[in-house]
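Peer 1: Take a look at the letters that make up each chain.
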Amino acid sequence: MTVSTDHLALILTLAALIYLTRIAGLLLGARQAPPAVARALHYVPLAAFAALIVPGLAVPGEIVPRLAAAAGAGMVALRFGKLWAAQLVGMAVSWAVRAAAGS
Amino acid sequence: MLFSVLACSESAQMASVGLAASGAGPLAIILTALGLSLRHLLYGLSLATWLPRPTQPPTPLLAAAVFDEGFGLAKREAAANRGSAGFLFGANGVLYLTWVTATSAGIVLGQLLPDPASIGLDVIFPLSFLALLLPLIRTRRGALVAVVAGASALGLRNVVSAGPAVVVAIAGAAALGAALDRGEGGP
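Here the protein sequences line up with chains A and B, keeping their order.
In this text, residue positions in the first sequence follow the working numbering: the first is 51, and each later residue adds one.
In this text, residue positions in the second sequence follow the working numbering: the first is 5, and each later residue adds one.
Read the hints as simulated data drawn from the structure, not as lab findings.
Honestly, I wouldn't trust all of these hints.
[As the list claims (entries may be wrong)] Chain A is nowhere near these chain B residues, computed Cβ spacing over 10 Å in every case:
#, residue
1, Arg144
2, Val163
3, Val164
[Stated by the list, open to error] Which bits of chain B does chain A cover? Going by a derived footprint, with three or more residues having C-beta under 8 Å, they are:
#, segment
4, 130-140
5, 146-159
All C-beta atoms in this analysis are idealised placements derived from N, C-alpha and C, irrespective of residue type, glycine included.
Can you make the complete structure from the sequences, with help from the hints?
Peer 2: Below you can see the structure in the form of structure tokens.
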């Protein structure tokens with residue numbers, strides 16, 4: 051596989067920038083944050099997952115199988131706490147609903 | 005492939021490749037990827053507050069391990085009082101190898117398989133995040149923050165592009181959580 055110089059430069063620039071976004075938070079956060087900021091940071095994981103989930107489920111034309119899959123995966127996650135089981139059940143539900151809808 | 009080895013950032017990678025394929029200029033690609041990656045900044049800040057670091061992978065190395073899935077797994081472990089920087093690093097090492105292997109396999113097999121979106125494979129991302137999110141919600145405040153974050157990410161996506169929408173939604177909802185919290189309880 052060959053990579054052109056332009057593409058290589060672009061990929062290296064992107065990799066460096068993405069790495070910067072990763073390390074900057076750790077370095078800044080290592081100092082003592084004010085209490086209000088520290089409290090907010092504890093809510094970041096929760097908020098981040100929700101912000102990634104909802105647009106991923108609300109896909110036009112696919113909302114029904116995706117919501118059904120989420121319901122299935124959510125129940126398994128809460129009941130058994132196993133990530134892989136939730137993924138498996140969610141995918142199965144998604145495919146079952148799609149098959150039933152004939153798409 | 006090289007991109008996977010060096011950056012390993014699913015969203016930024018997908019968007020850059022999509023843009024490059026549609027003939028966008030390098031500046032547009034760089035700005036988009038940066039917008040999509042800004043949430044790592046929030047992850048890093050957050051990790052620094054709660055991630056126990058009894059063993060010390062040096063910060064520059066640990067930084068390479070800040071991404072969505074590993075962040076989620078580390079948070080789950082920390083909630084059970086057993087997470088650590090070592091765990092984050094190990095989990096992300098596995099994720100990294102899988103990512104690089106799977107993208108290589110994708111290049112080879114890509115021609116043979118149908119479009120992942122058309123067989124609904126991409127639903128695995130929201131499902132995984134959902135499975136990681138639910139156990140983290142222990143108070144009504146936590147549930148409210150999650151709802152606000154999800155709804156605003158969806159709403160903002162129609163106004164700005166996906167990357168900034170997610171960052172603003174996370175920051176806004178986390179600030180709301182902190183404002184309601186005032187030191188008792190947590191999420």
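Peer 1: Find the hints from earlier in the document that the structure breaks and name them by number, from lowest to highest.
Peer 2: none
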